[in-house]
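A.B. asks: Each chain is listed here by its residues.
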Amino acid sequence: MSKARETFDQKLKDLRDNILHLGEIAEAAVGLAVQALKDQDEELARQVIAGDEEINDERYDLEEECLRLIATQQPTAGDLRAIVAAIHIVTELERMGDYASGIAELAIRLADKPHLKPLIDIPRMTKIDQEMIRASLEAYFKKDPDLAIETAKRDAEIDQLYDQIYRELLTYMLEDPKNIARATHLLWVAHKLERIADRVTNICERVIFMTTGEFQELSF
Amino acid sequence: MLTMDKIEIRNLRFYYDDFEALHSISMRIEERHITALIGPSGCGKSTFLRCINRMNDTIPGARIGGEILLDGRNIYAPDVDVVELRQRVGMVFQRPNPFPQSIYDNVAFGPRVLGLAHSGALDDLVEQSLRSAALWDDVKGKLNGSALDLSAGEQQRLCIARVLAVEPEIILMDEPCSALDPAATLQIEELMRKLRQHYTIIIVTHNMQQAARVSDCTGFFWLGDLVEYDETGKIFTRPAQKLTEDYVTGRMG
Numbered sequence: 005m006s007k008a009r010e011t012f013d014q015k016l017k018d019l020r021d022n023i024l025h026l027g028e029i030a031e032a033a034v035g036l037a038v039q040a041l042k043d044q045d046e047e048l049a050r051q052v053i054a055g056d057e058e059i060n061d062e063r064y065d066l067e068e069e070c071l072r073l074i075a076t077q078q079p080t081a082g083d084l085r086a087i088v089a090a091i092h093i094v095t096e097l098e099r100m101g102d103y104a105s106g107i108a109e110l111a112i113r114l115a116d117k118p119h120l121k122p123l124i125d126i127p128r129m130t131k132i133d134q135e136m137i138r139a140s141l142e143a144y145f146k147k148d149p150d151l152a153i154e155t156a157k158r159d160a161e162i163d164q165l166y167d168q169i170y171r172e173l174l175t176y177m178l179e180d181p182k183n184i185a186r187a188t189h190l191l192w193v194a195h196k197l198e199r200i201a202d203r204v205t206n207i208c209e210r211v212i213f214m215t216t217g218e219f220q221e222l223s224f
Numbered sequence: 479m480l481t482m483d484k485i486e487i488r489n490l491r492f493y494y495d496d497f498e499a500l501h502s503i504s505m506r507i508e509e510r511h512i513t514a515l516i517g518p519s520g521c522g523k524s525t526f527l528r529c530i531n532r533m534n535d536t537i538p539g540a541r542i543g544g545e546i547l548l549d550g551r552n553i554y555a556p557d558v559d560v561v562e563l564r565q566r567v568g569m570v571f572q573r574p575n576p577f578p579q580s581i582y583d584n585v586a587f588g589p590r591v592l593g594l595a596h597s598g599a600l601d602d603l604v605e606q607s608l609r610s611a612a613l614w615d616d617v618k619g620k621l622n623g624s625a626l627d628l629s630a631g632e633q634q635r636l637c638i639a640r641v642l643a644v645e646p647e648i649i650l651m652d653e654p655c656s657a658l659d660p661a662a663t664l665q666i667e668e669l670m671r672k673l674r675q676h677y678t679i680i681i682v683t684h685n686m687q688q689a690a691r692v693s694d695c696t697g698f699f700w701l702g703d704l705v706e707y708d709e710t711g712k713i714f715t716r717p718a719q720k721l722t723e724d725y726v727t728g729r730m731g
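Protein chains in written order, with my numbering: chain A, 5 to 224; chain B, 479 to 731.
Heads up, a few of these hints could be off.
The following label-pair restraints were derived from C-beta to C-beta distances [claimed, not checked]:
#1 B:E509 <-> A:D167: 42 to 52 angstroms
#2 A:T76 <-> B:E509: 29 to 39 angstroms
#3 B:G543 <-> A:A8: 33 to 43 angstroms
#4 A:L71 <-> B:A599: 25 to 35 angstroms
#5 A:L71 <-> B:K720: 49 to 59 angstroms
None of these hints come from the bench; they were simulated from the model. Glycine residues also receive a C-beta, built at the ideal position from the N, C-alpha and C atoms.
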């Protein structure tokens, strides 16, 4: 590649690096929120909630940078698609931060009561979510549409776990109405984890659009 | 299949002496569309444009191969009247080139030469042409004033009016805005969108944003080849060829 657009190339590279950084923060937040839930650690939960602000700020900074690049560099073709993809991806990552924050709030609500049951499937979902987030960002970084598709396919695992958790919590609720509050809160956690995987799928769709120019709905 | 191709170019080759400047170009240009030709300097896009009204005929050593069909008829056939061809295929150049005459006489020049209209009818034709070129309101009070007193943007619109006055079907534009400021450029672009309702327009431009804004289809030329030719939206968002991608993103050329 010639040096014809060295400055612009550097800005695109910075944008990409910053998105990866935002992705790391969002992924960590999800992990820590569930950690706080599991360990009934209110302090950690509050840190996750406070950290969401950083994610929000970073998202707006990146979106503004995208608008600046469009306005000043007149991007076309692959560059334009990369910037539009970036705008969407930062929105998805920001939303994941919100889910993490929401899980942390539920962790606080559940912190002073004994666990309904040992948490197994929720941490399992979380682990898959985190792997999916990392893989989607790797696909973004490497411009790899195949990896994006493979990553989105894992949404099926998440859906299956969510269904399993739902059915299990339902039995706890049927067994004893006193379980309903705690079971509902756990169900909300599971729902947020399920939504995170959907957000990852959206990122994967954006990676495909960015790399191939094709809009492809990924549902597995 | 019913096609509305105004122009069909078949295996067009063009030579300056032994140098082949265009390598077997084939493309179809739709009627009442704006087609933009982009590419770096020396890629052949202007040469190509000038083939369409045989402006290259006078260049010593110039030769042509292949065919350009206008409404199905080869414009390089021996019996084609070049004057008539150029009346049907008008041209607007890089720098506004009004004659050192009055505004009225500039527009009336073509119709007078071709005997298209006389006296009263000529006044109407001049007015109509100036209106179509979005210049009438600016010049209606000074039709006898010199064309050279107009601003560059007005002069270019006058040149467009001059082309329109001979009632062409196709307008070729070779970098029509390169000597104009941004405001005058946007006026010309708006004018092109209006003219598109009645005319087939082909524009050569170095300004890629202009091609993106104004045209329906875009052809990318590179070293005498037509690398890619497609809907403008596609060329600027997801071109099929790597070379096109590199060019429109400014990585090359």
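A.B. asks: Determine for every hint whether it applies to the structure shown.
C.D. replies: Hint by hint, here is what the structure shows:
{"no.": "1", "hint": "B:E509 <-> A:D167: 42 to 52 angstroms", "in the structure": "violated, 58 angstroms"}
{"no.": "2", "hint": "A:T76 <-> B:E509: 29 to 39 angstroms", "in the structure": "holds, 38 angstroms"}
{"no.": "3", "hint": "B:G543 <-> A:A8: 33 to 43 angstroms", "in the structure": "holds, 34 angstroms"}
{"no.": "4", "hint": "A:L71 <-> B:A599: 25 to 35 angstroms", "in the structure": "violated, 54 angstroms"}
{"no.": "5", "hint": "A:L71 <-> B:K720: 49 to 59 angstroms", "in the structure": "violated, 28 angstroms"}
Hint violations for this structure: numbers 1, 4, 5, all remaining hints satisfied.
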